[in-house]
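**Q** Protein sequence lines, in the order shown, are assigned to chains A and B.
The opening position of the first sequence corresponds to residue 405 in the working numbering, with each subsequent residue numbered one higher.
The opening position of the second sequence corresponds to residue 97 in the working numbering, with each subsequent residue numbered one higher.
Everything labelled a hint here was simulated from the structure, so no lab data went into it.
A couple of the hints might just be wrong.
[As the list claims (entries may be wrong)] When the alpha-carbon atoms are kept at most 30 Å apart in a straight line, the in silico DSSO-like pairs for lysine-lysine are as follows:
#, chain 1, residue 1, chain 2, residue 2
1, B, Lys-179, B, Lys-106
2, B, Lys-168, B, Lys-179
3, B, Lys-350, A, Lys-589
4, A, Lys-623, A, Lys-589
5, B, Lys-350, A, Lys-542
6, B, Lys-291, B, Lys-313
7, B, Lys-350, B, Lys-337
8, A, Lys-511, B, Lys-372
9, A, Lys-511, A, Lys-542
10, B, Lys-350, B, Lys-291
11, A, Lys-542, A, Lys-600
12, A, Lys-455, B, Lys-372
13, A, Lys-511, B, Lys-350
14, B, Lys-337, B, Lys-179
15, B, Lys-337, B, Lys-372
16, B, Lys-337, B, Lys-191
17, B, Lys-106, B, Lys-337
18, B, Lys-179, B, Lys-191
19, B, Lys-350, A, Lys-455
20, A, Lys-455, B, Lys-106
21, A, Lys-511, A, Lys-455
[To be verified] Some, not all, of what chain B presents toward chain A, calculated at C-beta under 8 Å:
#, residue
22, Ala-348
23, Pro-351
24, Val-381
25, Glu-383
26, Pro-386
[To be verified] A few chain A residues that face chain B, going by a derived Cβ cut-off under 8 Å, partial list only:
#, residue
27, Lys-455
28, Gly-456
29, Ser-475
30, Gly-477
31, Ser-494
32, Gly-496
33, Pro-497
34, Asp-513
35, Ser-515
36, Ser-534
37, Ser-535
38, His-554
Note that CB positions come from ideal geometry on N, CA and C, so glycine has one too.
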Amino acid sequence: MPAINVSKALDQSHASRVFDLAEMPLRGLNQALHDLTPGSNETAWEVLNPKGSHSVAVGVDQPVTIDVRGSVGYYCGGMNDGSAITVHGSAGPGVGENMMSGSITVKGDASQYAGATGRGGLLVIEGNASSRCGISMKGIDIVVHGNIGHMSAFMAQSGNLVVLGDAGDALGDSIYEARLFVRGKAGSLGADCIAKEMRPEHLALLQDLLDRAGVTGVKAAEFTRYGSARTLYNFNIDNADAY
Amino acid sequence: MCGIVGLFLKDRALEPQLGSMLSEMLISLSDRGPDSAGIAIYGTPSGNEAKITIQSANPERDFRNLDADIAKAIGAPVSVAVKSTHAVVRTAPAKIDAVREAIQALRPDIRIMGAGDVVEIYKEVGLPETVVDRFDVRSMTGTHGIGHTRMATESAVTTMGAHPFSTGADQCLVHNGSLSNHNNVRRELIREGMKFETENDTEVAAAYLSSQMAHGKNLGEALEGTLSDLDGFFTFVVGTKNGFGVVRDPIACKPAVMAETNQYVAFGSEYRALTKLPGIDNARVWEPEPATVYFWEH
Numbered sequence: 405m406p407a408i409n410v411s412k413a414l415d416q417s418h419a420s421r422v423f424d425l426a427e428m429p430l431r432g433l434n435q436a437l438h439d440l441t442p443g444s445n446e447t448a449w450e451v452l453n454p455k456g457s458h459s460v461a462v463g464v465d466q467p468v469t470i471d472v473r474g475s476v477g478y479y480c481g482g483m484n485d486g487s488a489i490t491v492h493g494s495a496g497p498g499v500g501e502n503m504m505s506g507s508i509t510v511k512g513d514a515s516q517y518a519g520a521t522g523r524g525g526l527l528v529i530e531g532n533a534s535s536r537c538g539i540s541m542k543g544i545d546i547v548v549h550g551n552i553g554h555m556s557a558f559m560a561q562s563g564n565l566v567v568l569g570d571a572g573d574a575l576g577d578s579i580y581e582a583r584l585f586v587r588g589k590a591g592s593l594g595a596d597c598i599a600k601e602m603r604p605e606h607l608a609l610l611q612d613l614l615d616r617a618g619v620t621g622v623k624a625a626e627f628t629r630y631g632s633a634r635t636l637y638n639f640n641i642d643n644a645d646a647y
Numbered sequence: 097m098c099g100i101v102g103l104f105l106k107d108r109a110l111e112p113q114l115g116s117m118l119s120e121m122l123i124s125l126s127d128r129g130p131d132s133a134g135i136a137i138y139g140t141p142s143g144n145e146a147k148i149t150i151q152s153a154n155p156e157r158d159f160r161n162l163d164a165d166i167a168k169a170i171g172a173p174v175s176v177a178v179k180s181t182h183a184v185v186r187t188a189p190a191k192i193d194a195v196r197e198a199i200q201a202l203r204p205d206i207r208i209m210g211a212g213d214v215v216e217i218y219k220e221v222g223l224p225e226t227v228v229d230r231f232d233v234r235s236m237t238g239t240h241g242i243g244h245t246r247m248a249t250e251s252a253v254t255t256m257g258a259h260p261f262s263t264g265a266d267q268c269l270v271h272n273g274s275l276s277n278h279n280n281v282r283r284e285l286i287r288e289g290m291k292f293e294t295e296n297d298t299e300v301a302a303a304y305l306s307s308q309m310a311h312g313k314n315l316g317e318a319l320e321g322t323l324s325d326l327d328g329f330f331t332f333v334v335g336t337k338n339g340f341g342v343v344r345d346p347i348a349c350k351p352a353v354m355a356e357t358n359q360y361v362a363f364g365s366e367y368r369a370l371t372k373l374p375g376i377d378n379a380r381v382w383e384p385e386p387a388t389v390y391f392w393e394h
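Chain A on its own, in the form it takes in the complex (with noise of 0.2 Å):
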């Protein structure tokens, strides 16, 4: 029997846990996120091979950390509830779908349907992301360092969504009450998304979102606020001709 080197061993327990994809199934590294449970030593986790994977770490629901080496396809982080995700490379459509807590960070661009649906945590993209970036939003933050494409937060419900670069057409079409951030250009509004004044309160929020997404050398005063002018809230009777 080989001896046992036990400082070897206590150094691994500290270790990344490494889940090589081009090794062992998907369900495999899904199943075991999902059978952790609280103050796991289990705290950081790193996953090789993703190649365009599908479903990469979904529905985890403790705070470890999860390093994604390479490119993923749909789905990745969804319903994330607690964990930071960092994909150090693309996202494909419907990244943080539905997110619930903590973090996803995308190094290089993002499909399309960014952070839909998401109800809380921060889904940070280094790139750009495409159409539809928080569209349904109900409390997610979303920082896209580059631009978004068309019909972004279409129908957002809370939560912001703040872009360095230009939002596409029709953007925030039939809002609520989520707050848009552009610093660019944004190519058209959508129905009842309107700019809005910049009060300190909103100053203080975004500069708090840029700060948590590591975003430098940029002024929360170099950006526009739209939302919601509110005139879809309630059935306008002179309207009924258009239904």
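Take the given structure of chain A and dock chain B to it, following the hints.
**A** Quick look at chain B alone, frame taken from chain A:
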């Protein structure tokens, strides 16, 4: 859903691997559509022959002595290379229409998949891997190609309902999405003289592009026209004799990823389809913009 792929080689050294690269791309998207699959490969031009890819549900009966029967009918030599349910008929370019007529007269059950100087089209019901194996696509060489794996939504799961659709010489198209004004456009194209094999919406998109190019537009201009004339959801990937194009409708809900290196331009419905390509880790990878035409020509 459906999954679509395309690969346009810039580096001639990769041409012997075109079939295997495109096959792997398509197989990786099998779970986007298990109903049927197809591939069009643009071979290296030889200059002195044209090809017709044909298909039969009864290949043993229909392909037996077909070469001799066509040669006798048109008074010129032809060759017939059989691959499972498909065969490629080769002849002199000037004889292509005569061969097509002879096939229809001699073997009425044979369906024509496509024709041109370089294109070969193979499509069947089944998973991508089954289709690729059946037609030995991995061994095929060429300059560019497109592929499709189908989850049928609006017409029957049949060989003829599989993609790619070819409606003009060396032209073919694969589609992810569904068109809503295809019946109207089909009627207009029939009035122009276009012929249709199926009730499928995608065949209408292919015929629309063929019609536009027949009126003198280049591939890019023809693709531009789809944005105003076709209604519905679409990501199209299109091949011509020397070109390769991509366009997405303005809503752009059908996914698309592209990659470009010094060696190739590649398209996939998802990034998964691109992960085995050489040098992908250093490729420029981007999502094609909505309502924007991309095309490349050799």
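**Q** Would you check the hint for Lys-455/A and Lys-372/B, treating anything up to 30 Å between C-alpha atoms as holding?
**A** holds, 9 Å
**Q** Would you check whether Pro-386/B satisfies its interface hint, that is, whether its CB is within less than 8 Å of any CB in chain A?
**A** holds, 7 Å
**Q** Measure nothing beyond the straight line between the CA atoms of Lys-511/A and Lys-455/A; if it is 30 Å or shorter, mark the hint as holding.
**A** holds, 15 Å
**Q** Min Cβ distance, Pro-351/B to chain A: is it shorter than 8 Å?
**A** Holds: closest Cβ of chain A sits about 6 Å from Pro-351/B, inside 8 Å.
**Q** Within a Cα-Cα threshold of 30 Å, do Lys-337/B and Lys-372/B meet the stated pairing?
**A** holds, 26 Å
**Q** Within a Cα-Cα threshold of 30 Å, do Lys-542/A and Lys-600/A meet the stated pairing?
**A** holds, 20 Å
**Q** Against chain B, run the beta carbon of Gly-496/A and see if the smallest gap drops under 8 Å.
**A** The hint holds - Gly-496/A has a Cβ within 8 Å of chain B, the shortest such distance being about 6 Å.
**Q** Compare the distance between the alpha carbons of Lys-350/B and Lys-542/A with 30 Å, and conclude whether the hinted pair is satisfied.
**A** OK: Lys-350/B and Lys-542/A at ~25 Å, within 30 Å.
**Q** Quickly compare the C-alpha distance for Lys-179/B and Lys-106/B to 30 Å and report which way the hint goes.
**A** holds, 28 Å
**Q** If you draw a straight line from the CA of Lys-179/B to the CA of Lys-191/B, is it 30 Å or shorter?
**A** holds, 22 Å
**Q** Would you settle whether the hint for Lys-455/A is holds or violated, based on the nearest Cβ-Cβ distance to chain B being less than 8 Å?
**A** holds, 4 Å
**Q** Taking only the CA atoms, is the gap from Lys-337/B to Lys-191/B under or equal to 30 Å?
**A** Holds. Lys-337/B to Lys-191/B sits at ~19 Å (cutoff 30 Å).
No hint from the list above goes unmet by this structure.
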